[in-house]
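**Student:** Sequence:
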Amino acid sequence: MTTTQPPHAASAGHLSFAIFALARAHRATAAAMLRALGLHPGQELLLMQLFERDGQTQSELLDTVGLDHSTVSKSLRRMQEAGLVTRRPNEDDRRALNVWLTDRGRAMREPIEAMWATLEEISTRDLDQQTISSFIATARTIENSVNERGRKESSRTSRETQGTA
Numbered sequence: 110m111t112t113t114q115p116p117h118a119a120s121a122g123h124l125s126f127a128i129f130a131l132a133r134a135h136r137a138t139a140a141a142m143l144r145a146l147g148l149h150p151g152q153e154l155l156l157m158q159l160f161e162r163d164g165q166t167q168s169e170l171l172d173t174v175g176l177d178h179s180t181v182s183k184s185l186r187r188m189q190e191a192g193l194v195t196r197r198p199n200e201d202d203r204r205a206l207n208v209w210l211t212d213r214g215r216a217m218r219e220p221i222e223a224m225w226a227t228l229e230e231i232s233t234r235d236l237d238q239q240t241i242s243s244f245i246a247t248a249r250t251i252e253n254s255v256n257e258r259g260r261k262e263s264s265r266t267s268r269e270t271q272g273t274a
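Going by the numbering used here, the sequence shown opens with residue 110, and the numbers climb by one from there.
Hints listed in this document are in silico derivations from the structure and should not be mistaken for laboratory results.
Possibly wrong hints are sitting among the right ones.
[What the hints assert, rightly or not] Pairwise CB distance ranges (calculated): (1) ALA141 / GLU169: 27 to 37 Å; (2) ALA118 / ASP177: 21 to 31 Å; (3) SER243 / THR211: 18 to 28 Å; (4) THR138 / THR240: 15 to 25 Å; (5) GLY164 / ARG144: 22 to 32 Å; (6) GLU200 / LEU236: 39 to 49 Å; (7) GLN189 / ARG249: 25 to 35 Å; (8) ARG234 / ARG144: 36 to 46 Å; (9) THR113 / ARG196: 33 to 43 Å; (10) PHE160 / SER232: 13 to 23 Å; (11) PHE160 / HIS117: 38 to 48 Å; (12) ARG204 / SER243: 38 to 48 Å; (13) ALA118 / ASP163: 39 to 49 Å; (14) VAL174 / ARG144: 18 to 28 Å.
C-beta atoms are modelled at their ideal positions from N, C-alpha and C, and glycine is treated no differently.
With the hints as constraints, model all of the structure from the sequences given.
**Tutor:** In structure tokens form, the structure reads like this:
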């Protein structure tokens, strides 16, 4: 087992470095598995959202996957070129585009579900159920803390900008 040791400059952030190293390793494994399916990282998240509710607008997909607009637009363009989705103007708002799965896109459900099951197996093979549950709860707590900090920073920056305008 190789564990990435934090550099001295990260000595005040051992947990943060551990999260970074874990995310990097997990993302690399997932990316290799996605490449085998002919997908780029993040495209599976968009497909999974469409498996749940086909025909969402690009804005709705943006909100659910938490990626920026340019990343989602680029991914959807690639997915459309690959024949996984189609994009059509919304019937009620011609400025909005709805994203629909093609037959080829719908056929990706089973391989993506199998890939995520394998990734879960790899990730948890040395963990018991209690440890997994505890890790999930801890990860969600950290995620909420980081997101809350981001919202506070964004709000503070917005107030400062408005105050100087």
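**Student:** Run every hint past the structure and note whether it holds.
**Tutor:** Structure-based check of each hint:
As the Cβ distance of ALA141 to GLU169 is approximately 29 Å, the hint placing it in 27 to 37 Å holds. Restraint check, ALA118 to ASP177: a C-beta distance of roughly 28 Å satisfies the suggested window 21 to 31 Å. SER243 and THR211 have their C-beta atoms about 41 Å apart, which leaves the hinted 18 to 28 Å range violated. At roughly 19 Å, the beta-carbon separation of THR138 and THR240 lies within the given 15 to 25 Å, and the hint holds.
Hint check: GLY164 to ARG144, Cβ distance near 28 Å, so the stated range 22 to 32 Å holds. At roughly 48 Å, the beta carbons of GLU200 and LEU236 sit within the given window of 39 to 49 Å. For GLN189 and ARG249, the hinted distance range of 25 to 35 Å is satisfied, since their beta carbons lie about 33 Å from each other. Between ARG234 and ARG144 the CB atoms are about 22 Å apart, so this pair departs from the stated range of 36 to 46 Å.
About 40 Å separates the C-beta atoms of THR113 and ARG196, a value consistent with the hinted range of 33 to 43 Å. Separation of PHE160 from SER232 is about 21 Å and conforms to the stated range, judged on CB atoms against 13 to 23 Å. The hinted window of 38 to 48 Å between PHE160 and HIS117 holds, with their beta carbons roughly 45 Å apart. A hinted range of 38 to 48 Å for the beta carbons of ARG204 and SER243 is consistent with their spacing of about 46 Å.
Taking the beta carbon of each, ALA118 and ASP163 are about 47 Å apart, inside 39 to 49 Å as hinted. Restraint check, VAL174 to ARG144: a C-beta distance of roughly 19 Å satisfies the suggested window 18 to 28 Å.
Hint compliance for this structure: hints 3, 8 are not met, and every other hint is.
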